[in-house]
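Using the sequences and the accompanying hints, generate a full structural model.
Protein chains in written order, with numbering that gives the first Met the number 0: chain A, 0 to 383; chain B, 0 to 407.
In the SDA-like style, the derived pairs of lysine to any residue whose C-alpha atoms are separated by at most 25 Å in a straight line are: (1) Lys154/A with His48/B; (2) Lys248/B with Ser54/B; (3) Lys192/B with Arg237/A.
Hints are computed from structural coordinates only; laboratory data are not their basis.
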Amino acid sequence: MTTVDRTEDVALACQEVTKTFRVFHGTDVWRLIYGAVGDDAVTAVEQVSLTVRPGEFVGLLGRNGAGKSTLLRVLGGVYAPTAGSVTHVGDVSGIYELGLAGSDRLTGREFAMRWLSIFSSGAVCTEASLDETAEFAELGRYFDRPIYEYSSGMKARLFFSVATSQAGSLYVIDEVLSVGDQYFQSKCWRRLRERIASGASGVLATHDWSAVLRLCRETYVLDAGRIIDHGPSREVVRRYLALPGPSGGKACFAADLPETYRARSGDDTVLSVPVDVKDAIPVALGCSIEVFRDGLGWDNVIHVEVAMVASQEGRYKVDLAIPALPLAAGQYSLNLFLVEGPLCSGPRTVLDVRSWTHGSDLVLTVSGFDRDSVTVLPLSWRVL
Amino acid sequence: MPSRCHIRVEKLSKTYGEPWSGSVHRGLGLLSGALRESIAGTAAPGRIHALDDVSFAIAEGERVGVIGENGAGKSTLLHILAGVASASSGVVDVRGRVHAALTLGLGLREELTGRQNLLLEAEIQGKSRAATERIIAEMIDFVELGDFIDRPLRTYSSGMKARLAFANLVFVDPEILLIDEALSVGDVAFSRKANAAVRRLCDRGRIVLVVSHNLDTIVEMCSRCLWLDRGRLLADGDPAEITAVYRRKMRAREEEDIVSRFRDDQTVETAAARVVDIGIHTAPGDGPTTVVEVGQRARIRIDLQLRSPDAEPPDIRVRIERLDGLWVTDNRLSETALRVPRGGDVRVEADVSMSLRPGYYRVWVDVIQDGALVARRCVAFKVHADRLPYGGDPALYVPITMSAHSRG
Chain A
0 MTTVDRTEDV ALACQEVTKT FRVFHGTDVW RLIYGAVGDD AVTAVEQVSL
50 TVRPGEFVGL LGRNGAGKST LLRVLGGVYA PTAGSVTHVG DVSGIYELGL
100 AGSDRLTGRE FAMRWLSIFS SGAVCTEASL DETAEFAELG RYFDRPIYEY
150 SSGMKARLFF SVATSQAGSL YVIDEVLSVG DQYFQSKCWR RLRERIASGA
200 SGVLATHDWS AVLRLCRETY VLDAGRIIDH GPSREVVRRY LALPGPSGGK
250 ACFAADLPET YRARSGDDTV LSVPVDVKDA IPVALGCSIE VFRDGLGWDN
300 VIHVEVAMVA SQEGRYKVDL AIPALPLAAG QYSLNLFLVE GPLCSGPRTV
350 LDVRSWTHGS DLVLTVSGFD RDSVTVLPLS WRVL
Chain B
0 MPSRCHIRVE KLSKTYGEPW SGSVHRGLGL LSGALRESIA GTAAPGRIHA
50 LDDVSFAIAE GERVGVIGEN GAGKSTLLHI LAGVASASSG VVDVRGRVHA
100 ALTLGLGLRE ELTGRQNLLL EAEIQGKSRA ATERIIAEMI DFVELGDFID
150 RPLRTYSSGM KARLAFANLV FVDPEILLID EALSVGDVAF SRKANAAVRR
200 LCDRGRIVLV VSHNLDTIVE MCSRCLWLDR GRLLADGDPA EITAVYRRKM
250 RAREEEDIVS RFRDDQTVET AAARVVDIGI HTAPGDGPTT VVEVGQRARI
300 RIDLQLRSPD AEPPDIRVRI ERLDGLWVTD NRLSETALRV PRGGDVRVEA
350 DVSMSLRPGY YRVWVDVIQD GALVARRCVA FKVHADRLPY GGDPALYVPI
400 TMSAHSRG
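Pasting the structure below:
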């Protein structure tokens, strides 16, 4: 009974998956035909287990060559695993780094038709859905031109548009969110969020940690083919970044620094930060206010540039004055950085930190009108 | 004394025919087109003029940035200078040892190991064995491929291949260097290293020609700028001046673009009300605009037609949505003491500082009566900045002041 419940709870999973590639030195085809085992083996993915629950995207972080693309292709059914098993509920739509399926002599339209007929079971490939795909990809007349005429950006737009054109249930996505101009990127994000909102799940592989924060509740870190970390994205990214901790001693936030600040939406607001400086050194403060929304991820809402606050020993109160606090009611993450100046150049010595990247951020609770937006711009109205 | 290197291009043109897609008919069509052209002296329809009568000369020591929209002919120009493509007509005179970084990974051999590829490339470049041995360790160190350096290339991920190709690029010693596009390679740490390497490389080359969309890079790195537009050389001169004009032109084009990209119509109209028009105005007296600067004060002008004089006066809701789905504001007229009249043609204005991150947005105007939506309309705009007030990429750019006081 419990086993049944568990499988119903999984959209995509792999258990102990290992993928080994045989390496043949030289190009003797006969050895392949006779089934020689190869001179050497490269293990691209080793003993990887991961689980994606329905309605959820899981992040896969790792540097180049960590095995992300291989693992995605195993999950998407392009490669058979050497060992281990992959289970999924429904069809997997793969958005691989360099596209898939077919030759670059196909036109964009032909590619879309072929892709849809292979990968979407029972989906109707109508003129209307093709037109919609073409419009999303913004290929214009190139949609009816062979793919070899496309720039890499155009290819990526085509692949993304085609793979997300059907409201599929399961996606594996490789880096694709870094393609195209700003406009196209935001369109991609928006489409993925719409798909997630309507119950889609998947895996997003990337080396961009901010992307997993924006989309994924949970993240795995892959290094040299193995999962080396796994957990809630925010904590995983914190460990992945492994930012240097405060050097301490010379200056720090005072003991009476509140854990929670309170403010009212739209009010002129002052956040007072107590700072103790114990040495005659230049000390500067920076600040950011960030918000996390389910399914939409993290947004840095307000950022305060690092500015000098003291150069002599003493106890200080630093006031951050925000006119007409442009935040809607809700809870925000308040991050403070105390660094050693001067500010002009070079890496800064971190003196003290209260930040989610160090697991020590403060809370800013904003009260006020209930709104659908995260931020509020003050409007001055006039009726004529 | 004549200089060692130069590039001289005179009346250079390049035309492409209809794409050859392997069909005999197409091939015949192409042939007949060429015949017709040679007989009648006119280009066949469907021909693309990638470069059209381009002339310039580059002397030793110049760092030249090439800008232009997609399809302006930038890559074609570089391909011709590199000798990869031929000119249809005109003179191309390139003196000096050319190294072209046009497509990363073009010269890599799949069967060879990473190390063998690096050695082979050095040999092709005509380096001596001693010189090669001197740099090979440095290259291998640079690419950070670990054990993979002695494995065949076909076992590499695409990111790893890009790194290797990149090492080939930055460790050569060219006289004339041609670089196409942002060479974005690999993860953050590596791309930072790669960018620094490109800078050093440009310092060494005698002539550098770089194609990039990043105008700041062009201004920073180049002493001269060529602007190509639909195959023609539109401007040639100081990078700061030319990029400024280019930016203005791109902005104007963007304005048209926004209107055509946001075609989807969300308009709602009922018997009770209609939103006739929404305009964003940045200067009194000026017409509506679709591009505002970060932090610019703007007036959202809303023209309404209210048609139910017997009901309660409706509420007006103004929301701004970022294209990726973040709502950046949600305001109602009813939060203020103001009310619209029950009926008639009404104009409502809302002034707002557009302290938003650069990007695409939509203003939504809803008319709500007794809790129900009776009219809706939206209009798109773009927030633009040549240079941001500060980093961090926040959703809002708010003027915040910081002041320190001694606590004694």
